[in-house]
Amino acid sequence: MASPPTETPEGYTDYYPDDLESFVACEKADVRAFAQTFLPIFYGALCVSAFAGNGLLVFVLVRRSKPMASADLYLLNLVISDLLFASTLPFWAVYVRLDWMFGDAGCKALTAMYNVNFYSSVFFISCMGLDRYLQISYRGFRGGAGAAAVCAVVWTVSLLASMPDWAFAKLQVQNGQRICLHDYGTEQTALWRILLRSRINVLGFMLPLLLMVGFYCRLYCLVGTQGARAFRLVLALLLAFFLLWCPYNVVLVLLTLQDLHVLLHCDTSRRLDFALQLTESLALVHVCLNPLLYASVTKTFRRRLGHIFKSMTRNKCDKNKGLVKNKQSQQRVDANQETTGAQHCNSLGVREREEWNQLAGGPSGSSVATSTMPPR
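Position 289, counted from 1, in the sequence shown is what full-length UniProt numbering calls 289; the numbers after and before it change by one each time, with no gaps.
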């Protein structure tokens, strides 16, 4: 997204012309009330799910002993992007519920971070589709050498695409409430909104969607239905991307028409605000859906995860066996020591009795009555 999840302060009022001559107040307190109830809970659940799923995926990827392939490198960067994206959600949850408590620098930094990871996530999904296409189209392609450079380019482009958000995001006070929003200036607000929404529609949706559709169609022409397994990950990424992001981008287009005064009525504006919150929330699901999608579509992840758990279980069993063996060895040593001690004591007793018999004049080795006192 190109803007924080919500920028609407308490009691927010817009003015929309019912005709081109008069303006009426458009109260949106109900929009704000819905956001305060729904969004904090949703953001919290999404953050926990994202860290659990992506954390497991990072664990599997970094446990590899072999050098990381290009597809895994793109996936690792995608997971990092999703984790960074999810780390901003608690701040927005607090903001929606209360107000902005993190200062002007926090407003700029979190808004920019939010958008950098939005763009990088979309771009890395496209890179995964491209990588799969190249591997199938060119059998000898590995892409390991250039994958790191591609990742660096993706992060750079994402940073550049988010620079306007860093520049325009500001802390403001309206009706006694601190809010973090984009301040474009009094004369160019509508123009900048249109430009930045167009940036999302083009860079964040249309271009990646066209690329992935092109990859899928090309792969289908190359392998047909016989090689469905070879490109099912591309198809899954394409479908998930379209279903999650298309509704949000449609709402952005309608908001652009509103800024162009094509859609003018207050009820329409309120419905669009509700639709924006719901479709944006749907789009945010991508931060926890990507690991599930990758795990369910590819056998590689499940096989690696199974090997890791088997290895961990085996190591634990070996450790327990080692402890048992050490304990048994120690018990055998103690038993040997006790046996040796007993034999030593017995031999000493025999020698003492022989010496006693010799002193008493009895035959060597004969049995005599023992006494605690020496003979007189």
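Hint data in this document are derived by calculation from the structure and do not stem from the laboratory.
Just so we're clear, the structure is a prediction, and the values are computed from it rather than from any experiment.
C-beta: ideal position from N, C-alpha, C; glycine also.
Please note: incorrect hints may appear among the correct ones.
Stated by the list, open to error - Pair by pair, the computed Cβ-Cβ distance ranges are:
no. : residue 1 : residue 2 : range
1   : Glu27     : Ala145    : 14 to 22 Å
2   : Cys221    : Ala275    : 16 to 24 Å
3   : Ala33     : Val62     : 41 to 49 Å
Stated by the list, open to error - For lysine to any residue, the following SDA-like pairs were computed, each having C-alpha atoms within a straight-line distance of at most 20 Å:
no. : residue 1 : residue 2
4   : Lys170    : Glu187
5   : Lys108    : Tyr216
6   : Lys108    : Leu84
7   : Lys170    : Trp192
Hints versus structure:
For the pair Glu27 and Ala145, the supplied restraint of 14 to 22 Å is violated, since their beta-carbon distance comes to about 59 Å. Between Cys221 and Ala275 the C-beta distance comes to about 37 Å, which lies outside the given range of 16 to 24 Å. At roughly 44 Å, the beta carbons of Ala33 and Val62 sit within the given window of 41 to 49 Å. Between Lys170 and Glu187 the CA atoms are separated by roughly 17 Å; this keeps the pair inside 20 Å, and the hint holds.
The suggested pairing of Lys108 with Tyr216 is violated, with an alpha-carbon distance near 38 Å, which exceeds 20 Å. About 15 Å separates the Cα atoms of Lys108 and Leu84, which keeps this hinted pair within 20 Å; it holds. At roughly 15 Å between alpha-carbon atoms, Lys170 and Trp192 fall within 20 Å of each other, so this suggested pair holds.
Hint violations for this structure: numbers 1, 2 and 5, all remaining hints satisfied.
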